[in-house]
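Q: The residues making up each chain are set out below.
2 protein chains.
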Amino acid sequence: MIPVRLVSTGKALPSEQLSSEQLDQRLGHAAGHTFKASGVRLRHVAAAAETQSQLAAAALHDALKNASLPASSIDLLISACGVQEQALPSTACFIAEQAGLKPGTPAFDVNASCLSFMAGLRVAAGLLATGGYTRIALVSSDLASRGVDWSEPEASLIFGDGAAAVILEKGGAGQGIRAFKLETYPEGRSYCEIRAGGTRRNPRIGVEPGDFLFRMDGKAVFKLASKLMPSFLSGLMAETGDDLSSIDVVVPHQASHLGMAHAAKRLGIPAEKVVDIYATHGNQVAASIPTALHEAVISGRAKPGTRALLMGTAAGLTIGGLVLDL
Amino acid sequence: MIPVRLVSTGKALPSEQLSSEQLDQRLGHAAGHTFKASGVRLRHVAAAAETQSQLAAAALHDALKNASLPASSIDLLISACGVQEQALPSTACFIAEQAGLKPGTPAFDVNASCLSFMAGLRVAAGLLATGGYTRIALVSSDLASRGVDWSEPEASLIFGDGAAAVILEKGGAGQGIRAFKLETYPEGRSYCEIRAGGTRRNPRIGVEPGDFLFRMDGKAVFKLASKLMPSFLSGLMAETGDDLSSIDVVVPHQASHLGMAHAAKRLGIPAEKVVDIYATHGNQVAASIPTALHEAVISGRAKPGTRALLMGTAAGLTIGGLVLDL
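If you read the protein sequences in the order shown, they are chains Z and B.
All residue numbers for the first sequence refer to our numbering, where the first residue is 53 and numbers rise by one.
All residue numbers for the second sequence refer to our numbering, where the first residue is 53 and numbers rise by one.
Next comes chain Z alone, as it looks inside the complex (with noise of 0.2 Å):
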């Protein structure tokens, strides 16, 4: 068990809503069509002028007025987005101006696709573990709007656009992180991609206007993470040293309504135990599992003495499960 404690978690949606009607008549759609081809209800888009880091910097505030907490007291902000802000610098530097940190306070990124968060989660168990630090906020914040592309039918409906915060500090007895499984299949790197945005493609380099925008093959995705899904869920399990049934709310990427429903009945695992709030803000990229720890946590369904399994895919191709008894 490597101690960690959940302070308190906070949420914060971009200004402007699309539900699947509007998208319907934009797209020129049939009544009806855009809910039935995502599962998606309403997602949450940022306007022309709204930051991926005045997005994090609004959860931010909301996990820290949660708990009643000054945004003075974080000695340590970590971003865990999907997508950056910008190059250079890290996203972290624009959340900490955003949300008015202590000047000084030490700031980096933690990327690991729609997993940022996890992999954010247990390198912050690990730093709270090893001294320097005491209270961490750790921050995903996704716009994936800049770069969907309209005219794919199956990538462009899903998405939405969100913010999710949560302060950690050390844990007590009994409280951490019991198990946590990452793995990366690069054979998938190029299943969900956004090719330009770094070194590989740009302007001196050579690049296209569909470089700038988010590919997927849903169904190479869903092909590997299938295969893979069962055996990794449980080693993970085995690592906890209990099985399925000792979990009491399941917290998985909210990656596309099939894709989750087909993983809980594969795996065993009660459709009441799952979060979902897909139907409401769609596929939120990394701030998709925070969120929903987040629907948990103020629904009282993650609560202390509880057991919570984040799980999920993400582009990579990365699955990855952490188990935290809260």
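Derived by calculation from the structure, the hints in this document are not laboratory data.
Small disclaimer: the values here were computed from a predicted structure and weren't measured.
For glycine and all other residues, C-beta sits at the position ideal for the given N, C-alpha and C.
Treat the hints with care, as some may be off.
Straight-line Cα separation of at most 25 Å, DSS-like style, residue types lysine-lysine; simulated pairs [to be verified]:
{"id": "1", "chain 1": "Z", "residue 1": "275", "chain 2": "B", "residue 2": "154"}
{"id": "2", "chain 1": "Z", "residue 1": "154", "chain 2": "B", "residue 2": "275"}
{"id": "3", "chain 1": "B", "residue 1": "271", "chain 2": "Z", "residue 2": "154"}
{"id": "4", "chain 1": "Z", "residue 1": "271", "chain 2": "B", "residue 2": "154"}
{"id": "5", "chain 1": "B", "residue 1": "154", "chain 2": "Z", "residue 2": "154"}
{"id": "6", "chain 1": "Z", "residue 1": "279", "chain 2": "B", "residue 2": "154"}
{"id": "7", "chain 1": "B", "residue 1": "271", "chain 2": "B", "residue 2": "317"}
{"id": "8", "chain 1": "B", "residue 1": "154", "chain 2": "B", "residue 2": "222"}
{"id": "9", "chain 1": "Z", "residue 1": "271", "chain 2": "Z", "residue 2": "88"}
Some chain B residues judged to face chain Z by a derived CB distance under 10 Å, without partners named [said to hold, decoys possible]:
{"id": "10", "residue": "122"}
{"id": "11", "residue": "136"}
{"id": "12", "residue": "241"}
Over 10 Å on every C-beta distance to chain B, these chain Z residues come out as not near it, computed from the model [as the list claims (entries may be wrong)]:
{"id": "13", "residue": "67"}
{"id": "14", "residue": "85"}
{"id": "15", "residue": "238"}
Given the structure of chain Z, go ahead and fit chain B onto it with the hints provided.
A: Chain B in isolation, oriented as in the chain Z frame:
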């Protein structure tokens, strides 16, 4: 002390060399101008077909070779670059593939701009100390040439491409991180930046060709860093219980020749203790510190029983220092 052991180091340089004489000719400067302005005699530049992850994998294989270890023995890869290869997925996925790591080996990114390696080393030590991993590869690779603006007299001449890697295991008695401090001052967030590459500047929201290029206000960086560094370094050394005379070798970020010389003089660090590879490598962004550390290791200046100080400034603006007992 956070126990961590530097098992081995490695580096890689891209295929092309670019001397300051060649740059004088290419940019129409008088003979000697580029060297005088930059302090760099020779920089290494990736050919168009070379990728950041290929270079990273070459550095990782050099580190593996130097410890006679197979790639299959790595149980976690942390990519610690300054700029990503793509906006999505994480650069670590590409490095894992290029390096031929075992499928399933977990891989994620840590980003603190030019100090990503230092942050990654602290993160890795925390992970090793809290279980689950026994041998971590930490790799930094940057291709600054993909974003250099040749019309910028100050920022264009100092950079070079490169990569470096270290293999890390849990440390024995007296081995590890004796002190670590990272401080982020967002007032300097725009002093060094590449505005495109993420959600802030892109074809959807608006982007200009210059947004893909590196921008630096060198004077502002120098002024802020000079103001902060003395008390920062005193605080860092106070954590060790020793003073600067206990440091055997200083491994600075190779930011610029004037910056390094000024910092050493102002901080009272004897020049002979400072690893300076700048003239033959330039500023290699996040790859500078691990490349300099590698040179210190292979030259015998950093060996078991010695104490190294890693230090530098990064876009953000972030300043950092790490005292490593080898």
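Q: Next step is simple, just say for each hint if it's right about the structure.
A: Verification of the supplied hints:
no., hint, result
1, 275/Z to 154/B, "holds, 20 Å"
2, 154/Z to 275/B, "holds, 20 Å"
3, 271/B to 154/Z, "holds, 24 Å"
4, 271/Z to 154/B, "holds, 24 Å"
5, 154/B to 154/Z, "violated, 42 Å"
6, 279/Z to 154/B, "holds, 17 Å"
7, 271/B to 317/B, "holds, 18 Å"
8, 154/B to 222/B, "holds, 21 Å"
9, 271/Z to 88/Z, "holds, 17 Å"
10, 122, "violated, 18 Å"
11, 136, "holds, 4 Å"
12, 241, "holds, 5 Å"
13, 67, "holds, 15 Å"
14, 85, "holds, 23 Å"
15, 238, "violated, 3 Å"
This entry does not satisfy hints 5, 10, 15, going by the numbered hints stated previously.
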